[in-house]
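Using the sequences and the hints given, assemble the complete structure.
Heads up: the sequence lines are chains X and V, in that order. Heads up: the first sequence begins at 1 in our numbering, then just goes up one per residue. Heads up: the second sequence begins at 311 in our numbering, then just goes up one per residue.
Hints listed in this document are in silico derivations from the structure and should not be mistaken for laboratory results. These figures come from a predicted structure and were not determined experimentally. For every residue, glycine included, the Cβ atom is placed at its ideal position computed from N, Cα and C. Heads up, a few of these hints could be off.
Pair ranges (Cβ atoms, derived) [as the list claims (entries may be wrong)]:
1. X:Met9 <-> V:Leu646: 54 to 62 Å
2. V:Ala662 <-> X:Cys113: 49 to 57 Å
3. X:Gly13 <-> V:Arg665: 22 to 30 Å
4. V:Gly347 <-> X:Leu58: 42 to 50 Å
5. X:Asp235 <-> V:Ala758: 33 to 41 Å
6. X:Leu257 <-> V:Leu786: 35 to 43 Å
7. X:Ala56 <-> V:Ala444: 30 to 38 Å
8. X:Thr116 <-> V:Asp318: 49 to 57 Å
9. V:Asn522 <-> X:Leu58: 56 to 64 Å
10. X:Phe162 <-> V:Lys482: 49 to 57 Å
11. V:Gln452 <-> X:Asp235: 27 to 35 Å
12. V:Asn692 <-> X:Arg14: 51 to 59 Å
13. X:Gly13 <-> V:Leu646: 54 to 62 Å
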Amino acid sequence: MREPALIRMLPDGRRLHLHDGPIDLIIEANGPKQNVAAAYEAAARRFVSILDQLCAELPLLRSQARKNSPLPGGPIARRMFAAVAPYSDLCFITPMAAVAGAVAEDVLEVMTCAATLDRAYVNNGGDIALHFVPQRSYRVGMIERPDHPSLFGSLELSASDFVRGIATSGWRGRSFSLGIADAVTVLAENAAAADAAATVIANAVNLPDHPAITRVPARQIAPDSDLGDLLVTRDVGPLTPSETRSALAKGVEMAELLIAKKLINSAALCLEGQTSVVVIPSPSRRARDLFSSSKHNTIQGSLLCNSANT
Amino acid sequence: MTDVFRPDTVRCDACPVLCYIKRGHAGACDRYANIEGQLVRVDPHILLDRAKSQGTPLVPFLEREGDWDGKIMKGQDTFVTAIGAGTTYPDYKPAPFIVSSEVEGVDMVTVVTEGIFSYCGVKLKIDTDRHLGAERNLVRAQGEPVGHVTTAEYGSQMLSLGGVHHLTGGTKSEGRVTCETLLDLCNGKDVELAIDQGASIRVAAGQPPVVNGQREERMRVGCGSATIGMFAKQWFGKVDDVVVVDDHITGVLSEHQAGKLLGVRETGIAIHGRRSTPGRYFQVAEPGTGWGGTNISDPLTILKAFKPKFAWPHLRLLMVSTTGEQYAYYELDEELRPVEKELPEGLKESVARIRENCEPALTTVLFMGGAGGSLRAGVTENPVRLTESVKRKLTRVTCGGAPAYIWPGGGITFMVDVTRMPENAFGYVPTPALVAPIEFTLKKDDYAVLGGHVDYVRPLAAVLEEKERRRQLASLPQNPWPLKPYTASSES
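Now the structure itself:
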C-alpha cells in the first residue's frame, strides 16, 4: 500500500521534515517568519509529487547516461541528466547518481522562489542544497562513517564561496559504491553536481583485485539496481597504510581532474582514518580555505592534499 | 533478470519505487525489508535508555566510541525494545533477540520480537458529549468500514476499530484501509473517520478530537444540572440563585433538587426553553460556540422577567457556563431587573473550581492484540507455558517498553496506550496485518523452567556491540522501568 508522504515540523519547531519512500528531507530556512512559513508551504506542496514524478521515468533514469540518451521530461530528472552528462564519456554513470542532490536543489529553488530568505538548506540524507544572502554563512560538519558519527572536519561556507551544493558518497552510505572510500565529501556550485561528483570520486578510490575487499554484483543485492551486474563494495578488510594512500591517490587524481574541468569546487576523501583534501588551485578563490577550518592541517600549495590519521 | 522473480524476492509496494527486495535485504529506503519472505518495516531498532530519561530526549546514535564508558555494561539502564527487531514469524524459531542482563543482582532475560498481529485493533476513547453516531453504527475511513460505535462511557464516546473481520474478512480494499487506519492511529497520526448517520471526526492519539470540524477543548465536569448538584453546597449562603448555562441541560439552583434539599428559597426566576424536571431546562438557546455550548454571548437573553411574587430587590444571581469559562454576577434593582456587578470574592473560588474540574478533551488510542502461538513459540518451546507465566505475573509484557494490560482468561490478549510507546513503533505487512513490538521480561531461572530458548540468550553487552541500525531513546518517565524485577507490588 502506498504510504502517503510525511510532512511535519521536527520537535524543535524550526526544521521541516519531508519524507516519502526513499526520500527524506530535513529543511531549515531563516528569514522573516511569514517568509519562512511561505517557503515551507511551497516546499511541502512541491514535495508530494516528486517521488511519483521520478518513478514515472525510473527505467530511463536507471539506464547508463550516454551522449545520445533521450532526454527525460521531469524537471528533477533533467537536473539529474545535466549533472551526470559531463561524465558520460569518462565512466559508467546513470542519472541516479545525482538523484538526491537534484531533489534537494529543486525543493530549495521552489522555496527561494516562494519567499525571500536570508539562509536556507535542504538536506537530502547528506546531499545538501544551500542558499544564503551575503553576510550569512553555514557551518557544516563532516562525518566519515555514518555508523561512527564523529566529525572528521567541519567547514564554513558563505555566499562568496560559490558553493551551493554539498554531497557525500562512500560504500558505507545508503547507495552502492564501486569504490572503497569511507566517505568523499564534495563542494560544488549546485547539489546535483556535487552528488554526481562525489559518486564518481568515491568510485575512483579503489584497489582493484585486492583480496581484503568483498565485492558483489549489485543486482545480487538489489535486483533492480541501476548498477546491474557491476561489482559493488560490501566490505573492506584491513588495509596497510600504503595501500590506503595509493587508493586515496586514485581518488585525488579524479578530484583534480574534476576541479580542472570546473565541475567541482573541492573535495575531502576519507579512507581508513586517512583524509585527503583537494581544492581549487587558484589562490584568488577563497575555496582553498574552505576545508582549512577542519582539524587537519592543510598544506599550502597549488593543490592542497594532505593525509592525517584521525 | 531472472532472479528478480525468484520466490525469495518480494516487491515492496510502500512507495512508487516498487523495489524488488531479496530475502535478508532492505529496499532503497532502508525502512522496508524482506525478512523470511515477508515485507516488514525495519526502522532503526530502538533501545530505551533509562539514564538518559532526565536529559536529552532523543539520542540518535549511541555508537560514538567516546561515549563508551563501560557504564552501559551494567545493563540495568538499557532496555532492548522490539521496535525494529524484526520477527521470525512464520517459522517456529527463537525470537530475534533474547537478551540477558543483571538487574539489582537478579539475572533477567528479555525476549524481544516484533509480532505480526492479524487479530488486532484499537479502542478509541473520544472525550466529547457530542453525539457521534448510534451504537453499532459502522465507522468508515475512506468510505470503507473499519469498525463500529460501541458503548459510550462517561463524558466519552467509544469506537472499536479493526479486528480480524475488517482486516481479512472483507474486501481487499476494506482490509487495506483498515490496516492503514490502525497503523496511522497507533503511530499517532491524524485520521479522518465518518460514522454512518453520524458525525465526521478527525482524531489522533493524545490530541483533542475534532467533531464535524469543531475542535473539542475541554470535557465538562457534568451537564448544567449535574454542576448544580456538585457545587450547590459551595454556593449556599453566598448567592441566592445560580444558573448553569448548558446547551444540553441548563440547571437552576433554586428549583433544583439539590437546592431544595439545602433549603434554598424560591427566587421567581424564569428561564426560556423547555422545562424537563424541576430546575432542569432543555433548549435554552441554539447550539453554538458561546456560553456552555449554546450560541449566546449575553446570558440574560435566556432569562424572562423575575416573578414579583417571589423575587426581591438586591437578590444575588450567579450565571456560569458548564466549563466555568464564562460567568457573570448580577443583583436585582428595585424594579427587579438584573444589574451586573463584580463577582464577589466568595464566589470566585467556586467558578475557578468548575474550570479546574474540566479536563482537556483528548482522544485515547489503545492498541489491542493477541499474541498467537507462533509468536509465543519464539519465546519458549512450549508456548502455553508462556501464557501461564504471564498470568502468574512471573513474566512482564511490554510493548516498546510501555506497560501492557493483560486480559484475564486464555491466551495473551493485551492492551497498550500507544502514546506511551516510542514514535512510529508500529509497522504493517501486506497480509494485511499490523506489526507491533512486544517484549517478555522474566527472571533467567524462570525462563529456563518454562522451556525458553536458553541457548539463544545473549548478554546485553553483546547486543549493544552490534552497531548497525540502532537508535537510543530516552525512556518515558511515566512508564515503569521494564527491567525492574517483579515484586508482589509491581504494577502490571
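Status of the hints after comparison with the structure:
Between X:Met9 and V:Leu646, the C-beta spacing of about 57 Å keeps the proposed range 54 to 62 Å intact. Remark: the range hint 49 to 57 Å for V:Ala662 to X:Cys113 is upheld by a beta-carbon distance near 52 Å. Between X:Gly13 and V:Arg665, the C-beta spacing of about 28 Å keeps the proposed range 22 to 30 Å intact. Look at V:Gly347 against X:Leu58: about 25 Å separates their beta carbons, and that is not inside 42 to 50 Å.
Take X:Asp235 and V:Ala758: their Cβ atoms lie about 37 Å apart, and the range 33 to 41 Å holds. Roughly 53 Å separates the CB atoms of X:Leu257 and V:Leu786, a value that falls outside the hinted 35 to 43 Å. With their beta carbons about 46 Å apart, X:Ala56 and V:Ala444 fall outside the hinted range of 30 to 38 Å. In this structure, X:Thr116 and V:Asp318 meet the distance hint of 49 to 57 Å, their C-beta atoms being roughly 53 Å apart.
Checked against the given bound of 56 to 64 Å, the beta carbons of V:Asn522 and X:Leu58, roughly 42 Å apart, lie outside it. A beta carbon spacing of about 54 Å between X:Phe162 and V:Lys482 agrees with the range 49 to 57 Å that was offered as a hint. Judged by the Cβ atoms, the range 27 to 35 Å given for V:Gln452 and X:Asp235 is violated: they are separated by roughly 45 Å. Between V:Asn692 and X:Arg14 the beta carbon distance is about 53 Å. The supplied range of 51 to 59 Å therefore holds.
Range check, X:Gly13 to V:Leu646: about 55 Å between beta-carbon atoms, so the 54 to 62 Å window is met.
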